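**Student:** Start from chain A and add chain B according to the hints.
Protein sequence lines correspond, in order, to chains A and B. The opening position of the first sequence corresponds to residue 604 in my numbering, with each subsequent residue numbered one higher. The opening position of the second sequence corresponds to residue 29 in my numbering, with each subsequent residue numbered one higher.
Think of the hints as simulated: they come from the structure by calculation, not from any bench. Treat the hints with caution; some may be incorrect.
Stated by the list, open to error - With beta-carbon atoms standing in for the labels, derived distance ranges:
1. B:Ala83 with A:Ala1013: 51 to 59 angstroms
2. A:Phe1086 with B:Ala87: 54 to 62 angstroms
3. A:Leu881 with B:Leu121: 32 to 40 angstroms
4. A:Asp714 with B:Ala87: 52 to 60 angstroms
5. B:Asn58 with A:Asp1096: 47 to 55 angstroms
Predicted model, so just to flag it, every value in this text is computed and none were measured. The beta-carbon is built from N, C-alpha and C at its ideal position, and this holds for glycine as well.
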Amino acid sequence: MNVHQSGIPVLIVAGPLFAAFLLPLVGWWRRAWAFPIAIAALSLSFGASVVTAQRVLSTGPVHYFMGGWTPPWGIEFRIDPLGALMLLLLSSITLLIAIYSKHSILKELPDREGPFYSVYLLLVSGLTGIVATADMFNMYVFLEISSLTSYALIALGGGAAVVSSFRYVILGTVGAAFYLLAVGYLYSVTGSLNMADLAQILPALYETNAVRVGFGFLVIGLAIKMALFPMHAWLPGAYSDAPSAVSALIAATTTKVAAYALVRVMFFVFEPRFSIELIPVTALLSWMGAIAMILGSVMAIAQTDLKRMLAYSSVAQIGYIVLGIGLANADGLTGGLLHLVNHAVMKGCLFLVAGAIVYRTGVRDIRGLRNLSAKMPWTAGAFTISAFSMIGIPPTSGFFSKLYLILGAAKSEHWVFLGIILFSSVLALVYFVNVIRYMYFPSPAADADTAPPPLDPTRDEAPLTMLVPTTILAAAVVLLGVFNGEIVSRFIDTVIPASFAR
Amino acid sequence: MLTNFVIGHFNVVAYVVLMMLGFYAMTGKNNLVKKLVGMNIFQWSIILFVVSLGAKRGATIPIVLADTHAAVPSDVVLEAAQYANPLPHVLMLTAIVVGVGTTGVALALLLRIYRQYGTLEEDELLDRLRSATR
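Chain A extracted, bound-state conformation (with noise of 0.2 angstroms):
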């Protein structure tokens, strides 16, 4: 066996991890050190993911064997093309939005920006480290490092962040239980935990209890981590109470990770016919994901406060995410890809505008934005392309991702879902249309008794460091729509599943 071998993918996820554990130390000793070490880190972390990426197109599959110990029994990394594109989209976005929390947790949480920098850059070593993991059980590890993480910093917004991120605690804790619960199943018949070795032993052993029954456990405990609809109950506390760079930082990466590491177990580990056939999953995923966009859309409609909107929209776009997934042919899992690394980016741009506006002015309520177009025009700007992108308007990437869905739909004649996704993006249309609206009509409200006061039209933008990752986002989304073509054909097909109907 000729594989590719490279300690360059370790880099990744082992240089965000050793900067974690020296930066308590230095910030304690200079504080001003700890910002310049994390994004020192993150961009290391970043090159070597760039370098990868290119060893991966240009020589297929990049493997690193841990200490030397050859799989099945060492612990193996292995990035394919699709792992190199989420290790690509990972490490840009951590990148950006620290540059970004730089002003806002100075604001936000004065004298903690060690402790801060610290946790932020163990959650980006264990998001890394899902995708580039082949090994079970160590993915486990990494979901729970990035869990563990991701509570601390929600935990760090005012108010009822600590409740939203206990309620967290206890739905996820649930949701890695039943991972490992899956994975000691799976070890107890095929006494291996590496990835490649498990999608070779696993087709003899299809119709054992043991088999069905952790894969079972172990959708429904990525479905938890993703917060698939009935399952979404932690995200709209712990998204819209976080600090405004980790709400950005979060909705951008730990759910679009979990719907990652269940294409892998689903397809990759697993033989796409036994998700499909034998264990009529996918079709049950697709239903979920259909209600997640209607009833997510509807939550969002609701809402006022703009973060708790952009939440439950996210519970809406995880259901794109799914019903792509589920649809199982080629067309609709590269639309869900797609959208997972759309969705990523447009989600973490609106976080990101909602902290600057949080920043400069303090409002939340949608009804508060009036005049911010003058206020904040390039702020405005980057939420309504974002914006555009989510509804799907053409060139925005969020358009080419739904057109695939919409093919994927298509193909495999699922005219309900199809008619699903276009009344979702209506959805979409209102609750987003809504609020450029209020930023750019300042029209009276119509109960102007209650809505907070317009704000001040004098120009004052954000600072330059929120503002650049901003703009870089809203650059990303139209992009990523613009080379779509490339994106799919370099990264997306080559991985899809052979058996999977073109």
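**Tutor:** Just chain B, lined up with the frame of chain A:
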């Protein structure tokens, strides 16, 4: 039939019962500390189950001593069935550490909830949250 199943799958029955106990405490109890205890029972039930998978009656630790090598002639193959698989226990050692970490974070959160709202009863907490937003 049922008795045979219970005796044959004693570990499975034990973990399911424990798990449901934990689940009951997490959903049915009003006190947040009791919810946390329920969460812990839930986690430990799974850890116990996976540890039980590695248990084997009459087996020994998987270490081949140097003098055993000398004692057995080279044509005798070491019986794998005589050794217990240590991996489930090692994995669960990691899972226990993760569980301790989770409990620590949850306790810290509970401490802050108590300082902020003066209660750990869920219904009182929800009342105070509602009056805070008004």
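**Student:** Run every hint past the structure and note whether it holds.
**Tutor:** How the hints compare with the structure:
no. : hint                                       : in the structure
1   : B:Ala83 with A:Ala1013: 51 to 59 angstroms : 53 angstroms, holds
2   : A:Phe1086 with B:Ala87: 54 to 62 angstroms : 58 angstroms, holds
3   : A:Leu881 with B:Leu121: 32 to 40 angstroms : 34 angstroms, holds
4   : A:Asp714 with B:Ala87: 52 to 60 angstroms  : 56 angstroms, holds
5   : B:Asn58 with A:Asp1096: 47 to 55 angstroms : 53 angstroms, holds
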